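> Protein chains in written order, with UniProt numbering: chain A, 1 to 425; chain B, 1 to 425.
Calculated directly from the structure, the hints in this document are not laboratory data.
Just so we're clear, the structure is a prediction, and the values are computed from it rather than from any experiment.
Identical copies go unnamed one by one, so any copy, or any two together, can satisfy a pair.
No more than 27 Å apart at the CA atoms, straight line, and that leaves these computed lysine-lysine pairs for DSSO-like:
(1) K82 - K418
(2) K108 - K424
(3) K108 - K191
(4) K341 - K418
(5) K82 - K102
(6) K239 - K311
(7) K343 - K424
There are 2 protein chains.
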Amino acid sequence: MNITESATLAKKASISLANSNSDSKNNALIEISKALLERQEEILKANNEDIERAINENLSDPLLKRLKFDKNKIDDVISGIKSLINLPEPVGKTLAATELDKGLELYKISCPIGVTGVIFESRPDALVQISTLCLKSGNAVLLKGGREAFNTNRVLFNIIKTASEAAGIPTGWIHLLETRDDVNEMLKLDKYIDLLIPRGSNEFVQYIMKNSNIPVMGHADGICHCYVDSEADLDMAVKVVLDSKTQYVSVCNATETLLVNKDIAKEFLPLLKIELDKKNVELVGCPEAQKIIFVNSASEEDWKTEYLDYKLSIKIVKTIQEAIEHINTYSSGHTEAIITKNKESAELFMNLIDSANVFWNCSTRFSDGFRYGFGAEVGISTSKLHARGPVGLDGLLIYKYKLYGNGNIVQDYANKTKTFTHKKI
Amino acid sequence: MNITESATLAKKASISLANSNSDSKNNALIEISKALLERQEEILKANNEDIERAINENLSDPLLKRLKFDKNKIDDVISGIKSLINLPEPVGKTLAATELDKGLELYKISCPIGVTGVIFESRPDALVQISTLCLKSGNAVLLKGGREAFNTNRVLFNIIKTASEAAGIPTGWIHLLETRDDVNEMLKLDKYIDLLIPRGSNEFVQYIMKNSNIPVMGHADGICHCYVDSEADLDMAVKVVLDSKTQYVSVCNATETLLVNKDIAKEFLPLLKIELDKKNVELVGCPEAQKIIFVNSASEEDWKTEYLDYKLSIKIVKTIQEAIEHINTYSSGHTEAIITKNKESAELFMNLIDSANVFWNCSTRFSDGFRYGFGAEVGISTSKLHARGPVGLDGLLIYKYKLYGNGNIVQDYANKTKTFTHKKI
Numbered sequence: 001m002n003i004t005e006s007a008t009l010a011k012k013a014s015i016s017l018a019n020s021n022s023d024s025k026n027n028a029l030i031e032i033s034k035a036l037l038e039r040q041e042e043i044l045k046a047n048n049e050d051i052e053r054a055i056n057e058n059l060s061d062p063l064l065k066r067l068k069f070d071k072n073k074i075d076d077v078i079s080g081i082k083s084l085i086n087l088p089e090p091v092g093k094t095l096a097a098t099e100l101d102k103g104l105e106l107y108k109i110s111c112p113i114g115v116t117g118v119i120f121e122s123r124p125d126a127l128v129q130i131s132t133l134c135l136k137s138g139n140a141v142l143l144k145g146g147r148e149a150f151n152t153n154r155v156l157f158n159i160i161k162t163a164s165e166a167a168g169i170p171t172g173w174i175h176l177l178e179t180r181d182d183v184n185e186m187l188k189l190d191k192y193i194d195l196l197i198p199r200g201s202n203e204f205v206q207y208i209m210k211n212s213n214i215p216v217m218g219h220a221d222g223i224c225h226c227y228v229d230s231e232a233d234l235d236m237a238v239k240v241v242l243d244s245k246t247q248y249v250s251v252c253n254a255t256e257t258l259l260v261n262k263d264i265a266k267e268f269l270p271l272l273k274i275e276l277d278k279k280n281v282e283l284v285g286c287p288e289a290q291k292i293i294f295v296n297s298a299s300e301e302d303w304k305t306e307y308l309d310y311k312l313s314i315k316i317v318k319t320i321q322e323a324i325e326h327i328n329t330y331s332s333g334h335t336e337a338i339i340t341k342n343k344e345s346a347e348l349f350m351n352l353i354d355s356a357n358v359f360w361n362c363s364t365r366f367s368d369g370f371r372y373g374f375g376a377e378v379g380i381s382t383s384k385l386h387a388r389g390p391v392g393l394d395g396l397l398i399y400k401y402k403l404y405g406n407g408n409i410v411q412d413y414a415n416k417t418k419t420f421t422h423k424k425i
Numbered sequence: 001m002n003i004t005e006s007a008t009l010a011k012k013a014s015i016s017l018a019n020s021n022s023d024s025k026n027n028a029l030i031e032i033s034k035a036l037l038e039r040q041e042e043i044l045k046a047n048n049e050d051i052e053r054a055i056n057e058n059l060s061d062p063l064l065k066r067l068k069f070d071k072n073k074i075d076d077v078i079s080g081i082k083s084l085i086n087l088p089e090p091v092g093k094t095l096a097a098t099e100l101d102k103g104l105e106l107y108k109i110s111c112p113i114g115v116t117g118v119i120f121e122s123r124p125d126a127l128v129q130i131s132t133l134c135l136k137s138g139n140a141v142l143l144k145g146g147r148e149a150f151n152t153n154r155v156l157f158n159i160i161k162t163a164s165e166a167a168g169i170p171t172g173w174i175h176l177l178e179t180r181d182d183v184n185e186m187l188k189l190d191k192y193i194d195l196l197i198p199r200g201s202n203e204f205v206q207y208i209m210k211n212s213n214i215p216v217m218g219h220a221d222g223i224c225h226c227y228v229d230s231e232a233d234l235d236m237a238v239k240v241v242l243d244s245k246t247q248y249v250s251v252c253n254a255t256e257t258l259l260v261n262k263d264i265a266k267e268f269l270p271l272l273k274i275e276l277d278k279k280n281v282e283l284v285g286c287p288e289a290q291k292i293i294f295v296n297s298a299s300e301e302d303w304k305t306e307y308l309d310y311k312l313s314i315k316i317v318k319t320i321q322e323a324i325e326h327i328n329t330y331s332s333g334h335t336e337a338i339i340t341k342n343k344e345s346a347e348l349f350m351n352l353i354d355s356a357n358v359f360w361n362c363s364t365r366f367s368d369g370f371r372y373g374f375g376a377e378v379g380i381s382t383s384k385l386h387a388r389g390p391v392g393l394d395g396l397l398i399y400k401y402k403l404y405g406n407g408n409i410v411q412d413y414a415n416k417t418k419t420f421t422h423k424k425i
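Using the sequences plus the hints, can you model the full thing?
Laid out in structure tokens, this is it:
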């Protein structure tokens with residue numbers, strides 16, 4: 001089947017899937033988790049093949065770690081599905097209701113977006129999370145995973161498709177794309193696909209946006225900042241900056257730039273450096289920072305760089321306003337934290353920073369669908385339309401307006417023989 | 001000032017505008033309505049110049065009508081601003097709140113999108129509506145109106161800018177673009193502009209989408225349908241179809257295609273034709289329709305055409321399913337109505353039709369922000385992301401996540417010395 005045929009089928013399936021009831025979707029999710037358990041040997045075998053090939057191709061350790069899909073990971077995705085089953089039905093909710101006139105009632109009803117195309121990285125658990133989120137929210141989906149996880153993805157896809165369709169979910173609601181050519185073909189199918197969710201580098205997301213008319217929910221770079229204010233608790237600041245930078249360096253919510261208020265810089269930076277040195281974090285800094293601690297010089301490019309590594313750029317600022325301005329200039333709009341004892345300064349920072357997640361006295365690493373309590377996430381959006389920050393089920397929903405009348409015509413209101421009541425129901 | 005400078009200023013202003021309080025925004029709206037009244041002679045003079053030039057350029061009567069901005073129109077926009085003032089403050093609302101752990105609280109807070117670029121048609125009242133909606137929702141805006149309304153737009157813009165900035169709204173929150181080159185320059189400024197709202201033809205919206213990386217909220221074609229079911233009240237059906245087609249033909253929510261169930265077609269079509277003939281509506285139909293009434297043959301192209309004129313295409317369908325399938329194939333996803341006495345058929349139609357507005361026993365002409373009770377509207381969206389159908393204030397808002405902690409780090413949860421509580425607050 002080529003991609004256009006897959007997308008046509010998905011569009012067709014999406015219409016009935018949008019109207020599947022809660023029980024049948026939850027039942028299909030139960031069947032999927034059963035099948036994952038029953039067919040786990042098959043999954044582990046496929047994943048071993050992927051791992052072996054990856055080792056032969058000299059993939060880096062962090063990538064190998066992401067690729068690994070063992071018994072624990074299977075248990076994790078199954079427990080993820082269970083929590084998804086327990087979430088309330090997201091489709092068919094009345095979001096607003098208005099009487100336009102007597103006997104003319106308007107309802108705003110939540111519904112799935114329709115057909116989504118999701119392109120994700122090498123973690124095979126992403127395939128399970130994304131497809132089950134789509135199922136729960138009533139969306140058909142075309143999936144494209146990382147090349148490295150080819151065999152694992154194929155088995156997982158097969159399990160999910162077989163189990164869900166046997167449980168009565170419309171045939172053709174889920175498809176697996178396997179090549180980059182498939183992806184390029186998908187980008188043209190704005191007639192059938194309503195939303196693209198590319199997960200990956202900023203360049204990759206930009207490539208998708210430039211080459212498709214389909215709306216994109218962007219999961220892009222994270223150039224995140226910590227700002228240590230003049231009124232910070234310095235011990236807390238060390239702890240939070242250390243976690244923000246080093247708890248897991250290769251993820252989008254890790255901090256890349258530290259801003260430090262000049263009033264506490266002399267005391268704070270040496271304290272922080274002791275801890276960062278223990279973790280072998282490479283430091284670069286502005287000239288003012290270089291006067292306090294021994295670090296290399298930061299270039300303009302450093303403020304714009306997502307290191308995803310044990311590296312941190314440091315800048316001394318004179319005021320909180322300067323920190324806010326630096327962040328609004330260089331941040332990717334993902335996550336920024338302020339460390340201060342002053343609540344007013346915290347509120348100023350959180351209000352004036354134009355980012356999806358703004359934090360007071362805690363690590364930037366908290367911006368994540370699981371930690372936010374969304375269950376799984378489809379991605380983190382740094383765009384400002386539709387969904388922002390960690391995106392769970394809500395990001396896969398839109399609404400339609402249903403208007404119930406009894407022969408009502410607009411002409412009656414145009415010539416003022418009738419008037420609108422516009423009462424909330 | 002060139003467009004990049006305008007957009008840079010708008011971005012800067014948008015940050016403080018996002019944090020302007022309700023009173024200062026409402027006060028600015030009051031000042032704008034006062035200034036519109038005080039300077040009405042200036043507006044009328046400018047509009048007369050536009051009208052004279054338009055007459056010299058042989059603009060069509062409907063276009064001249066849209067261009068006209070007289071005393072009544074001024075009163076209308078002022079009363080629109082008054083109803084906007086009375087709407088509750090949309091910014092800073094807590095949309096959700098979760099305790100992630102003791103002393104670690106997450107708030108989802110509504111906020112403006114930031115900087116919007118709106119390109120609208122020849123009606124000068126659109127300039128007032130859009131800019132005041134942006135002000136109320138805390139968004140900076142770059143406006144480009146129809147060329148025909150050049151003088152009127154310039155005066156209106158000047159009044160709104162002067163009055164709002166004198167009332168304390170940040171300088172540079174509003175800009176007027178005057179040429180097509182300006183628009184093309186604006187399309188490149190994804191660094192400063194967060195959202196484009198093009199209003200106009202489908203081709204125009206497609207052009208904008210193809211030539212910009214900025215997210216687009218599409219206000220595009222309306223290929224709307226009425227379906228007269230086998231169980232329709234035929235008198236009601238005549239009345240509703242007539243209103244849907246002829247109440248105002250040049251707008252996107254006017255019906256373009258009529259689908260008629262074969263069981264009532266012989267009785268219904270002659271009744272309808274009498275009324276449509278009185279309004280000189282040109283009819284084209286499928287072969288089955290041609291057997292019942294004397295009409296020209298409809299081509300495949302007709303099902304895809306938005307006439308915006310006194311013309312209707314007619315197709316006989318065997319079942320409601322065939323009607324649904326025809327609509328899901330040819331509709332632009334705007335508005336579709338079913339006329340039937342059978343509630344179950346109505347629900348089936350409204351659930352399976354993938355359009356923004358789905359109506360039972362009433363005219364397609366009702367899909368409109370004013371009729372829906374939204375006050376003004378920025379446009380009607382046929383896309384399925386962010387906002388769908390008539391878009392009022394809500395479509396100009398997004399949210400940010402604020403997380404309040406006390407030194408919390410992710411490492412404590414990674415090594416399970418702490419666990420998330422995820423309690424609703």
